[in-house]
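So the protein lines, in turn, are chains A and B. If you read the first sequence in UniProt numbering, its first letter stands for residue 1, the second for the next number, and so on. If you read the second sequence in UniProt numbering, its first letter stands for residue 1, the second for the next number, and so on.
Read the hints as simulated data drawn from the structure, not as lab findings. Being a predicted model, the structure only gives us computed values, none of them experimental. Where hints are given, some of them may not hold.
Covered stretches of chain B, as calculated for chain A (at least 3 residues, CB under 8 Å) [unchecked claim]: (1) 2-11; (2) 173-184; (3) 347-359.
Beyond 12 Å from chain A on every Cβ pair, some chain B residues (computed) [said to hold, decoys possible]: (4) His-66; (5) Gly-155; (6) Leu-160; (7) Glu-205; (8) Arg-221; (9) Arg-246; (10) Leu-253; (11) Glu-432; (12) Pro-449.
Every residue, glycine too, gets a C-beta built ideally from N, C-alpha and C.
Take a look at the letters that make up each chain.
There are 2 protein chains.
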Amino acid sequence: MNKAERIRFLDALRALLGASHVLSEAHDLAPYATDWRKRYHGKPMAVAMPGDTAQVAEVVQLCATHRVPIVPQGGNTGLVGGATTDASGTELLLSLRRMNRIRDLSTADGVLVAEAGCVLAAVQQAADGAGMLFPLSLAAEGSATVGGVLSTNAGGTAVLRYGNARSLCLGLEVVTPQGQIWNGLSALRKDNTGYDLRDLFIGAEGTLGLITAASLQLFARPAARRTAMALVAHAQDAVDLLQQARGALGAGLTGFELMSAHSLQLVQRHFPRLRLPLELSSPWCVLLELSDNEGEAHAQARLEAVLGLAMEQGRVVDAAVAQTLAQAQAMWALREHIPLAQAQEGLNIKHDIAVPISRMAAFVESTAELVTQALPGARLVVFGHLGDGNLHYNVQAPLGGDAADFLARHQDACNRIVHDAAAACGGSFSAEHGVGQLKLDDLLRYKSPVAVAMMRAIKAALDPQGLMNPGKVLRP
Amino acid sequence: MNKAERIRFLDALRALLGASHVLSEAHDLAPYATDWRKRYHGKPMAVAMPGDTAQVAEVVQLCATHRVPIVPQGGNTGLVGGATTDASGTELLLSLRRMNRIRDLSTADGVLVAEAGCVLAAVQQAADGAGMLFPLSLAAEGSATVGGVLSTNAGGTAVLRYGNARSLCLGLEVVTPQGQIWNGLSALRKDNTGYDLRDLFIGAEGTLGLITAASLQLFARPAARRTAMALVAHAQDAVDLLQQARGALGAGLTGFELMSAHSLQLVQRHFPRLRLPLELSSPWCVLLELSDNEGEAHAQARLEAVLGLAMEQGRVVDAAVAQTLAQAQAMWALREHIPLAQAQEGLNIKHDIAVPISRMAAFVESTAELVTQALPGARLVVFGHLGDGNLHYNVQAPLGGDAADFLARHQDACNRIVHDAAAACGGSFSAEHGVGQLKLDDLLRYKSPVAVAMMRAIKAALDPQGLMNPGKVLRP
Numbered sequence: 001m002n003k004a005e006r007i008r009f010l011d012a013l014r015a016l017l018g019a020s021h022v023l024s025e026a027h028d029l030a031p032y033a034t035d036w037r038k039r040y041h042g043k044p045m046a047v048a049m050p051g052d053t054a055q056v057a058e059v060v061q062l063c064a065t066h067r068v069p070i071v072p073q074g075g076n077t078g079l080v081g082g083a084t085t086d087a088s089g090t091e092l093l094l095s096l097r098r099m100n101r102i103r104d105l106s107t108a109d110g111v112l113v114a115e116a117g118c119v120l121a122a123v124q125q126a127a128d129g130a131g132m133l134f135p136l137s138l139a140a141e142g143s144a145t146v147g148g149v150l151s152t153n154a155g156g157t158a159v160l161r162y163g164n165a166r167s168l169c170l171g172l173e174v175v176t177p178q179g180q181i182w183n184g185l186s187a188l189r190k191d192n193t194g195y196d197l198r199d200l201f202i203g204a205e206g207t208l209g210l211i212t213a214a215s216l217q218l219f220a221r222p223a224a225r226r227t228a229m230a231l232v233a234h235a236q237d238a239v240d241l242l243q244q245a246r247g248a249l250g251a252g253l254t255g256f257e258l259m260s261a262h263s264l265q266l267v268q269r270h271f272p273r274l275r276l277p278l279e280l281s282s283p284w285c286v287l288l289e290l291s292d293n294e295g296e297a298h299a300q301a302r303l304e305a306v307l308g309l310a311m312e313q314g315r316v317v318d319a320a321v322a323q324t325l326a327q328a329q330a331m332w333a334l335r336e337h338i339p340l341a342q343a344q345e346g347l348n349i350k351h352d353i354a355v356p357i358s359r360m361a362a363f364v365e366s367t368a369e370l371v372t373q374a375l376p377g378a379r380l381v382v383f384g385h386l387g388d389g390n391l392h393y394n395v396q397a398p399l400g401g402d403a404a405d406f407l408a409r410h411q412d413a414c415n416r417i418v419h420d421a422a423a424a425c426g427g428s429f430s431a432e433h434g435v436g437q438l439k440l441d442d443l444l445r446y447k448s449p450v451a452v453a454m455m456r457a458i459k460a461a462l463d464p465q466g467l468m469n470p471g472k473v474l475r476p
Numbered sequence: 001m002n003k004a005e006r007i008r009f010l011d012a013l014r015a016l017l018g019a020s021h022v023l024s025e026a027h028d029l030a031p032y033a034t035d036w037r038k039r040y041h042g043k044p045m046a047v048a049m050p051g052d053t054a055q056v057a058e059v060v061q062l063c064a065t066h067r068v069p070i071v072p073q074g075g076n077t078g079l080v081g082g083a084t085t086d087a088s089g090t091e092l093l094l095s096l097r098r099m100n101r102i103r104d105l106s107t108a109d110g111v112l113v114a115e116a117g118c119v120l121a122a123v124q125q126a127a128d129g130a131g132m133l134f135p136l137s138l139a140a141e142g143s144a145t146v147g148g149v150l151s152t153n154a155g156g157t158a159v160l161r162y163g164n165a166r167s168l169c170l171g172l173e174v175v176t177p178q179g180q181i182w183n184g185l186s187a188l189r190k191d192n193t194g195y196d197l198r199d200l201f202i203g204a205e206g207t208l209g210l211i212t213a214a215s216l217q218l219f220a221r222p223a224a225r226r227t228a229m230a231l232v233a234h235a236q237d238a239v240d241l242l243q244q245a246r247g248a249l250g251a252g253l254t255g256f257e258l259m260s261a262h263s264l265q266l267v268q269r270h271f272p273r274l275r276l277p278l279e280l281s282s283p284w285c286v287l288l289e290l291s292d293n294e295g296e297a298h299a300q301a302r303l304e305a306v307l308g309l310a311m312e313q314g315r316v317v318d319a320a321v322a323q324t325l326a327q328a329q330a331m332w333a334l335r336e337h338i339p340l341a342q343a344q345e346g347l348n349i350k351h352d353i354a355v356p357i358s359r360m361a362a363f364v365e366s367t368a369e370l371v372t373q374a375l376p377g378a379r380l381v382v383f384g385h386l387g388d389g390n391l392h393y394n395v396q397a398p399l400g401g402d403a404a405d406f407l408a409r410h411q412d413a414c415n416r417i418v419h420d421a422a423a424a425c426g427g428s429f430s431a432e433h434g435v436g437q438l439k440l441d442d443l444l445r446y447k448s449p450v451a452v453a454m455m456r457a458i459k460a461a462l463d464p465q466g467l468m469n470p471g472k473v474l475r476p
């Protein structure tokens with residue numbers, strides 16, 4: 001595209017959306033050009049901000065005509081560079097943020113229809129306002145959007161009971177790479193009429209088309225919730241406690257998070273006002289949440305029964321059950337501040353692995369040995385969604401070391417150690433963050449070539465021009 | 001394919017599988033040639049019965065070389081003709097029944113790996129034997145196979161709590177149309193590494209490749225189950241009772257089936273040994289099931305509380321809670337005998353519709369009016385999974401009429417009335433049975449053309465020779 005063509009394209013775009021919804025000045029582009037973790041620095045040709053689905057379709061048609069690649073962006077909270085353009089200045093960043101309406105909410109059907117730019121917290125609040133629950137919950141929920149959490153199939157802290165973003169989505173509205181609108185906003189629980197296009201777009205990170213709206217599943221709000229923290233001596237004790245709690249509480253067990261004592265010590269260092277309810281006398285701490293349909297007292301008794309038995313059996317060293325909502329929120333705050341404390345402590349090498357629960361303890365122990373052998377003094381910050389077999393197995397520079405230098409020198413080798421170890425356990429190198437730009441090589445290394453070939457065939461079939469978020473998920 | 005080519009192909013097939021695993025005599029083919037409902041009569045060139053995945057891959061390669069279309073078949077219990085060949089004598093029927101091993105079962109991971117030919121009941125029993133639950137349950141479970149229930153994304157009576165077949169599958173092993181083996185038998189709850197190929201094969205009815213094995217999710221077995229029947233005067237009362245029970249019982253509500261009084265009267269007529277626990281003084285009956293993690297007494301009290309309140313409120317006319325396992329089984333037997341009683345009564349026009357719960361009562365009432373206006377004397381046999389918004393809205397010939405003639409003359413018009421009514425409510429013409437051959441026209445009529453075009457693009461990309469179950473799901 002030469003300069004004259006570029007001008008014609010931007011003029012057409014402005015005519016379509018109104019000049020105020022097309023950004024092209026460097027200082028306007030800046031907030032959209034860099035990812036949240038500041039690892040990827042793109043240079044969009046412009047930022048287009050359509051206000052409705054018809055406009056999205058027209059923008060996509062315009063891009064198809066001019067062969068302009070499109071990079072969709074929601075809240076820009078992704079962790080793998082999936083919503084950042086390349087540095088060529090030829091890609092259009094398409095921000096869905098203006099499309100932030102909740103179009104419909106039916107308590108009778110348990111369905112909420114939200115546009116792609118709707119912030120996750122706004123969906124939670126709308127459900128809550130109607131006396132229902134939208135359970136998807138994650139640290140970035142104040143900024144992350146519906147389109148983003150679906151395009152990355154986000155996870156979070158309630159997957160154990162309610163599943164990931166995929167499980168909570170009943171239907172989609174999508175603009176195809178040809179600029180057509182597919183209205184698949186179903187409110188049905190069952191519909192076996194052809195290929196599952198919905199689940200193909202979910203988790204495709206915008207490479208097959210643009211999600212513009214979604215029908216999301218709401219749940220009855222539990223009558224009571226109870227949160228507890230429990231200290232255990234070994235990772236295997238946490239796994240055994242999980243099985244025990246799951247057996248006793250069934251679907252009532254709505255949260256089961258693991259945190260290493262070291263992660264909590266980082267929180268204490270950087271957020272000293274957050275108080276620990278237990279003295280960290282063991283290397284591992286578990287956060288449990290019970291949702292109960294009967295009431296506070298019943299919930300309390302059930303959770304205490306599980307933890308009491310586990311203590312008798314020597315599986316749990318010490319435990320505290322929150323007695324008030326404030327205490328429960330304080331426990332969750334400890335968990336949620338781990339990534340922030342880690343960021344305060346300095347740059348670190350992040351992983352988002354999953355392994356089968358039965359291999360979890362062995363993975364944690366053997367990988368710790370491998371990492372500390374290869375990188376003497378490196379500090380492990382291990383925490384995550386044990387109930388889903390998903391840990392953020394992060395590695396921080398040695399105390400007092402130069403974190404940026406550590407990252408630059410050791411990131412690749414460290415990724416290889418951790419991802420090889422997960423793969424050896426039948427695990428995944430990306431449990432809930434996706435592939436984006438960050439893990440393109442991992443995908444080729446760990447994924448079956450047969451699967452990659454099918455992915456390429458699907459990409460070529462649906463997006464033959466290759467204009468939808470190019471260079472993400474699959475290396476071109 | 002001329003005769004010499006056909007002989008060469010069959011010789012190669014016998015060399016591959018052993019002569020005893022290739023059937024080509026008419027009397028051997030017969031059980032595979034006709035569907036369970038005896039609506040479709042195919043003429044397979046032969047039946048191939050591979051014993052393992054490598055053999056399936058070799059058969060597919062052989063077929064690709066000789067351009068022989070493949071129709072996969074499991075238990076042959078499908079309701080839409082999806083597993084029946086055409087009458088040309090050129091299609092190979094590939095039976096997966098010999099592949100019936102349970103390869104692995106891990107209680108720690110809650111995962112069972114079963115081959116495609118494994119009968120559903122065998123999977124349930126294996127889970128039960130390990131002290132766990134595989135919740136997928138449907139009338140044909142004694143014959144239906146894992147490959148079949150996944151290829152049609154089967155539903156059944158436990159979808160309300162545990163989801164359909166799709167929700168219970170963690171990973172697949174698939175032989176592609178090129179005869180390659182994709183090992184995607186994951187035991188992970190979370191894995192965001194590229195396009196969701198698993199869900200693309202689930203529900204594709206064998207048109208994109210052959211499912212040869214699956215990793216399936218097991219659950220903790222509830223401590224107690226309680227079943228009840230409740231009579232209601234209007235369909236809307238049943239819907240209101242559903243909301244009330246869901247609010248009070250949450251995930252404990254594992255079954256919620258609706259049966260018209262007329263359906264139960266048919267059961268009484270044809271299976272008089274099955275006793276009704278309530279006198280049918282109302283036009284609708286609901287079957288509820290509660291699964292409880294605490295025990296029998298707790299379950300009993302919870303279910304009685306819900307039904308007691310609903311009776312006080314006038315929503316429920318009469319109710320009976322099963323006091324013993326035998327009573328509970330008798331209640332379920334009434335529900336499960338409806339399709340059998342209906343078959344005894346004579347041929348009928350079946351539907352498998354879904355509508356949003358909020359539209360259910362209006363759909364039921366207005367459709368009854370439309371059908372009986374168009375087909376005077378026609379008898380409605382309405383029952384199904386109300387909790388999922390899914391009804392089998394079946395239409396039987398007038399009492400004493402010629403059922404075969406009624407079917408031949410009125411099936412198309414009747415389908416149109418019922419499917420149009422479902423579509424007008426935002427519903428589906430196939431909730432859990434799939435498309436197969438039976439609903440090819442419905443798919444084109446009711447599905448968005450944008451979605452159909454994407455389906456065709458995916459089919460062409462993955463199966464460019466068009467040899468995988470041709471003429472199913474999509475008209476060629």
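Checked hints:
1. With 0 residues bearing a CB less than 8 Å from a CB of chain A, the region 2-11 of chain B misses the requirement of three and the coverage assertion fails.
2. Counting residues of the region 173-184 of chain B whose beta carbon lies closer than 8 Å to any beta carbon of chain A gives 6, which reaches the threshold of three, so the coverage claim holds.
3. Coverage of the region 347-359 of chain B by chain A holds. Counting CB-CB distances below 8 Å, 5 residues qualify, and the rule asks for three or more.
4. At roughly 22 Å, the least C-beta separation between B/His-66 and chain A is larger than 12 Å, which holds for a residue marked as non-interface.
5. A beta-carbon of chain A comes within 12 Å of the beta-carbon of B/Gly-155; the shortest separation is about 6 Å.
6. The Cβ of B/Leu-160 sits about 8 Å from the closest Cβ of chain A, inside the 12 Å cut-off, so the non-interface label is violated.
7. With a closest Cβ-Cβ approach of about 9 Å to chain A, B/Glu-205 is found to fall inside the 12 Å limit, against its non-interface label.
8. Distance check on B/Arg-221: its Cβ comes as close as 9 Å (rounded) to a Cβ of chain A, failing to clear the 12 Å threshold; non-interface status is violated.
9. In this structure B/Arg-246 is not separated from chain A by more than 12 Å, as the shortest Cβ-Cβ distance comes to only about 6 Å.
10. The beta carbon of B/Leu-253 is not kept farther than 12 Å from every beta carbon of chain A, the shortest such distance being approximately 10 Å.
11. Once the 12 Å rule is applied to beta carbons, B/Glu-432 is inconsistent with being away from chain A; the minimum gap is 5 Å.
12. At the 12 Å boundary, the C-beta of B/Pro-449 falls inside the reach of chain A, the nearest C-beta of that chain being 9 Å off.
Hint check: violations occur at hints 1, 5, 6, 7, 8, 9, 10, 11 and 12; the rest are consistent with the structure.
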